[in-house]
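**Q** Sequence:
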Amino acid sequence: MRRAAQLAAAGRISLASSTRTPASCQQLLLQQLHSTASPEASASAAAEPAFAADAQDGAVSASNLDFFNSRLHINDWGAVSSIPENDPAPHLRAASSSYVNHDGMRVDDGRYKAFLQDAAAVVPQPRIFTDPLHLLAYGSDASFYRLLPKAVIKVHNEAEVQGLLRLSQAHSVPVTFRAAGTSLSGQAVSDSIIISVGYVGKNFRRISIKDDGSQVTAEVGLLGGEVNKMLAGHARRHKLPISYRIGPDPASIDAAMIGGIVANNASGMCCGVAQNTYHTIADMRLLLADGTVLDTADESSRKAFLQSHGKLASALSGLAREVQDDPQLAGRIRAKYKIKNTVGYSLNALVDFPPDDPIAILKHLLVGSEGTLGFISSVTYNTVQEVHHKASAFVLFPDLYSACDSVRHLKASGVASAVEICDYASLRLAQQEFVSLVAELGQAQEGAAGLLIEVKGETQQQLQQRIEAAQAALQASGVRFGGNAGAPLGLESYPFRVNPAETKVFWDFRKGLIPIIGGSRSVGTSMMIEDVVCPVEHLAGMTADLTALFRECGYSDASAVGHALEGNLHLVFAQGFRTPEEVATFGRLMAGMADIVVHKYNGSLKGEHGTGRNMAPFVELEWGARATGIMKRIKAAFDPHNLLNPGVILNDDPAAHMQFLKPSPPAASLIDNCMECGYCEAFCPSRDVTITPRQRIQTYREITRLRGLQQPTQEQQQRLSQMEDTWQYDGDSTCAADGMCAVRCPVNINTGEFTKQLRTAAVDGLDAAAGAASASTSSAWGSRLAMMAANNFRLINGGVPLLLNTVDFFHGLLGRRLLEVVSGTLNKWTNHIVPVWNPYIPKGAKAVSAGLSSPQASELPTQAARATQSGIPRQVVFLPTCVNRMMGPARGDDRYSGSTLEVFTRLAEKAGYQVIVPQGVSGLCCGMMFDSRGAKKAAGLKAAEAITALSLASQMGKLPIVIDNSPCLAQFKSAGLNQQELKFSLYEPVAFTSLFLAPGLDFSPLPRSVALHVPCTSKQAPGLADKFVALAEQCAESVTPTGIPCCGMAGDRGLRFPELTASACQHIDLPSNVTDGYSTSRTCEIGVSNAAGLHFRSILFLFDEASKPKPGFRERAKELPQQQVGQDGKRPSLTNVHEAGGGGGGMTSV
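Using full-length UniProt numbering, read the sequence shown as starting at 1 and increasing by one per residue.
A portion of the hints provided could be inaccurate.
As the list claims (entries may be wrong) - Dumping the calculated BS3-like pairs for lysine-lysine here, alpha-carbon to alpha-carbon at most 27 Å:
1. Lys311 x Lys828
2. Lys411 x Lys303
3. Lys338 x Lys456
4. Lys504 x Lys239
5. Lys635 x Lys303
6. Lys390 x Lys303
7. Lys456 x Lys411
8. Lys973 x Lys958
9. Lys338 x Lys229
10. Lys983 x Lys1019
11. Lys338 x Lys113
12. Lys973 x Lys937
13. Lys456 x Lys229
14. Lys229 x Lys239
15. Lys303 x Lys338
16. Lys635 x Lys311
17. Lys338 x Lys311
18. Lys843 x Lys828
19. Lys973 x Lys1019
20. Lys983 x Lys958
What the hints assert, rightly or not - For each label pair, taking beta carbons as the anchor points, the in silico distance ranges come out as:
21. Arg71 x Pro500: 54 to 64 Å
22. Arg633 x Ala274: 42 to 52 Å
23. Ala847 x Gly940: 24 to 34 Å
24. Arg321 x Gln475: 44 to 54 Å
25. Ser721 x Pro666: 51 to 61 Å
26. Ala472 x Pro666: 13 to 23 Å
27. Ala274 x Leu240: 35 to 45 Å
28. Arg784 x Glu1037: 27 to 37 Å
29. Asn1073 x Gly799: 36 to 46 Å
30. Met105 x Ala636: 42 to 52 Å
31. Pro241 x Asp1026: 35 to 45 Å
32. Pro1071 x Val498: 28 to 38 Å
Don't read these hints as lab results, they were simulated from the structure.
Using N, Cα and C, we set each Cβ at its ideal position, and we do this for glycine too.
Using the sequences and the accompanying hints, generate a full structural model.
**A** Rendered as structure tokens:
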């Protein structure tokens, strides 16, 4: 058996000097390979010597390539490849004009041209992408590999996939399947053809839930989190005693799609081995390489398969029989799958099912096959019961070894459902909300670590019993608790918490931890994540050895986190691919890690992230030649021509993991921390129509890289020009800039704000180097025109209602269809300046009355004192925003009973408030209409004017201020509202009603079913979305949220680019009995109305219609003083609603 130490001594491993101190790395590696971490590890390694020796056969393998004497090659797309000195496959690196089915060598010898010509008859041409921007955007995943496909094809149904698979066979063109692209090992990238099922509208999103919820059939385009929400909703609607969820629970469950979860056999924090896809799958619908459809749940489909593909069925039966007849090999496979393992194919299918059931074997081989054996169309899961009694504790330990060592005691107790490990580097990233829940976390010494422990119980009594058992197991471990070895704490300092709000803080931190670590890396590096597993009794030793290896090799920024209960460790670190030394150190680190995990601890090199390209060269190292040979025969039986995702899982190139490494060039400070995880995509309104926040960042990075080339080739110059042109629509015009991407981003990157920065550069006339996407569109005139409009805003305020009334007149005169055609034509002719009309665009609003005269600022304190003493009603400042001042009711909206000012005044009067309107309201604007277009100067001017007027009207922030349009409130805050007097005074309608008006109102549910759309800006305010629903449910018998993250209206952008809103709203599915809709954003109401086919209006109308004064409240409230906010630097909380109200009512203007 060749060991790395022997290889180093023989000169086969050359660890020359580098920036990562490789000499220390070599020394540590030699020490570790000649030592053991524990007697248990020694026994484990000795238990199966044949396979360790077997894995080392061969002259040159991935574990002994000489990367320190290597050369780098950077291709036209910036991808870095490291060519080792002792390259065993130089023929795979040589430039060739002929086609070779290997990464980097798939030149078009005519086959791709022919394939794409024929593909246009299968899939409409608009869904076949060959331009550089879309190839990069749709052809990338979350890994650190970059391969650019020849084409990306978005498919809508099985028939299209079937047709493309047949063309693949006919033209010998490899294909790769892609869903959400959250894969971390390079299994969803290709330089051939990518077939994409992710974010293709309503396609591949069907779901069927068994009556009791114990099974769910889901198509592959659904997010894992969506499926769980639908299962929970099914249980609520049908009032089932038990609710269910799918077994796999990866941290990316709200971003990963079912297709990827199945194809990677993803697991997660709680599911372990027992509840992963392999063990919970019931049936599968799939397409084989030749396009044949097999539905394992359908008897006729099974019979047809056995008849048409008897050879494949026989091969699988034969392999199962062969393996089961080999006790040593069968035992090795069973042992490997007692722990998490996603290296290679799911060989346990060959030992878990009888040879005479080839369909069961096939079905389970497809799990974790990463698209190399067939296309998975839908799956049926046996769901797992959701246990609602849960408790979580976060326990600190003085060092990582102690934390890991205590896990084996928790594992033995059998009461913990999840145990997550966090090292000191990751604990330093905890936010204050987390720190406040963990004793002395802020004072933890360097090297401290923590365990996040969860226990569950079907009853409260059982939960308490398991809490006590878990605490006893920790005490029995004998380790010290607390983050400081010199001052240990008792276990009672780390209680199990049952408050969902507190446990959510714990688990939200853990779910986002890997991307947060990646986001904190230095600019210009990529985030790397290793995913290794060992039996839990060896976790402490393996962790110690690996962290020492990383540290000694110079990776001082590395973090160790993971699913400790399963012995699953994630090592996260920053890696540059800028110099030969950086790349070489990474190559040697990989080899050292592989040797430690496999040979010293009998572990898995990938526990849940899949083999991909990252671990393909190490499959034989881990499994040995015998088992790897079985895998190769499986691949040949399914895909004899190697056309399904070639190079993934099995790869004859021992240096494949070091080829086509993704660059991460600096582009802009707002986005440089992005590690392209894809978590943001599900919330993006443009995800189905153009590109997503991640893809905007990916493509802008490439645009920036191309701009920075000193001597670009003609091809690179042409590509840059094409990408800049495409960016204008895909990157800029269809970005709603709503900020929802930041909500989902673990490192809070707001790609919308970045887009607005680019628009500002264009408006201000800056060149491309200063940030504009294309210098050709830049013009300083944009800024001048915006300032002209801002300075004459009263004219706009008066002119828009006249224009809307004119359009409404022609609506009545010409009818709907003609007006749509005319406005659509004008929209195209004017390059999207003229909006596209729809029947829910409102009439013009009536002018807001000036009301009473404004008192002088010097009189305000005196007047407030007189009001309090005489029992004059308490007051609130109300700003009817420009959008509501300009827009009245839509034609046919019979429930629109006045302006928002009028309806709010009625509502406030019931609760005893007098309404004050700021003086000069017709000229006020928050600035959003300018800011969203990049006109920052004009936006700042209008925001400052409005803030001044609000300060005056609110007695310098002493009175609460209500902004009737939620996005406008967010705009005031984002505009840099630094005035202390207003900082805690601003509210949108729902928050103010909940805090101030609701105590003085009696709500009676109206006998109707209503829809509710929470604007994206309100979703970004903690607790506000829940308050929307809670208040609406007091006002109507049935309330159904629209369920979409953002409608895509973004002011008037959804009217100028109606395809954006149509795409964002396509998933609205309201019950047929819903008659009305409510929101707090006027433009959102227009877009959602058009999509849902019913009128949406301000939720103030619902509150007013369903409420009446609480008997006696106004009389009692007369004795209460005026509620003044902002004076003590605090504002009321939505979670601590207090009584507020007054007598009387009415409206005045200040």
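**Q** Work down the list of hints and note, for each, if the structure agrees.
**A** Structure-based check of all given hints:
For a cut-off of 27 Å, the pair hint linking Lys311 to Lys828 is broken: about 57 Å separates their Cα positions. Taking the CA atoms of Lys411 and Lys303, the gap is near 44 Å; set against the 27 Å cutoff, the hint is violated. Restraint check for Lys338 and Lys456: satisfied, since their Cα atoms lie roughly 23 Å apart, inside the 27 Å limit. Distance check on the hinted pair: Lys504 and Lys239 sit about 25 Å apart at the alpha-carbon level, within 27 Å; holds.
Of the supplied pair hints, the one linking Lys635 and Lys303 holds, its CA atoms being roughly 23 Å apart against a limit of 27 Å. For the given pair, Lys390 sits about 46 Å from Lys303 by alpha-carbon distance, which is inconsistent with the 27 Å threshold. For the hint linking Lys456 to Lys411, the alpha-carbon distance of about 14 Å falls within 27 Å, and the restraint holds. A C-alpha spacing of about 18 Å is found between Lys973 and Lys958, which places the hinted pair at or below 27 Å, so the restraint holds.
In summary, the hint linking Lys338 to Lys229 is not supported, as the alpha carbons are separated by about 30 Å, beyond the 27 Å threshold. Our distance criterion of 27 Å between C-alpha atoms is met by Lys983 and Lys1019, whose separation comes to about 20 Å. Taking the CA atoms of Lys338 and Lys113, the gap is near 47 Å; set against the 27 Å cutoff, the hint is violated. A distance of roughly 16 Å separates the Cα atoms of Lys973 and Lys937; the hinted pair therefore holds under the 27 Å criterion.
At most 27 Å may separate the alpha-carbon atoms for a hinted pair to count; Lys456 and Lys229 meet this at roughly 20 Å. For the given pair, Lys229 sits about 15 Å from Lys239 by alpha-carbon distance, which is consistent with the 27 Å threshold. Restraint check for Lys303 and Lys338: not satisfied, since their Cα atoms lie roughly 33 Å apart, outside the 27 Å limit. The suggested pairing of Lys635 with Lys311 holds, with an alpha-carbon distance near 14 Å, which does not exceed 27 Å.
Proximity of Lys338 to Lys311 is assessed by CA-CA distance (about 31 Å); at most 27 Å being required, the pair is judged violated. Under the criterion of a C-alpha separation no larger than 27 Å, the hint pairing Lys843 with Lys828 is consistent with the structure, at around 24 Å. Annotation: proposed proximity of Lys973 to Lys1019 holds, straight-line Cα distance about 15 Å (limit 27 Å). Between the alpha carbons of Lys983 and Lys958 the distance comes to roughly 11 Å, so the proposed pair stays at or under 27 Å and holds.
With their beta carbons about 55 Å apart, Arg71 and Pro500 fall inside the hinted range of 54 to 64 Å. As the Cβ distance of Arg633 to Ala274 is approximately 29 Å, the hint placing it in 42 to 52 Å is violated. As the Cβ distance of Ala847 to Gly940 is approximately 27 Å, the hint placing it in 24 to 34 Å holds. Remark: the range hint 44 to 54 Å for Arg321 to Gln475 is upheld by a beta-carbon distance near 50 Å.
The beta-carbon spacing between Ser721 and Pro666, approximately 22 Å, falls outside the hinted interval of 51 to 61 Å. For Ala472 and Pro666, the hinted distance range of 13 to 23 Å is not satisfied, since their beta carbons lie about 52 Å from each other. As the Cβ distance of Ala274 to Leu240 is approximately 23 Å, the hint placing it in 35 to 45 Å is violated. Restraint check, Arg784 to Glu1037: a C-beta distance of roughly 54 Å breaks the suggested window 27 to 37 Å.
Between Asn1073 and Gly799 the beta carbons are some 40 Å apart, a value that agrees with the proposed interval 36 to 46 Å. Taking the beta carbon of each, Met105 and Ala636 are about 21 Å apart, not inside 42 to 52 Å as hinted. The hint said 35 to 45 Å for the Cβ distance between Pro241 and Asp1026, and at roughly 25 Å that hint is violated. The hinted window of 28 to 38 Å between Pro1071 and Val498 holds, with their beta carbons roughly 35 Å apart.
Checked against the numbered hints above, the structure breaks hints 1, 2, 6, 9, 11, 15, 17, 22, 25, 26, 27, 28, 30 and 31 and satisfies the rest.
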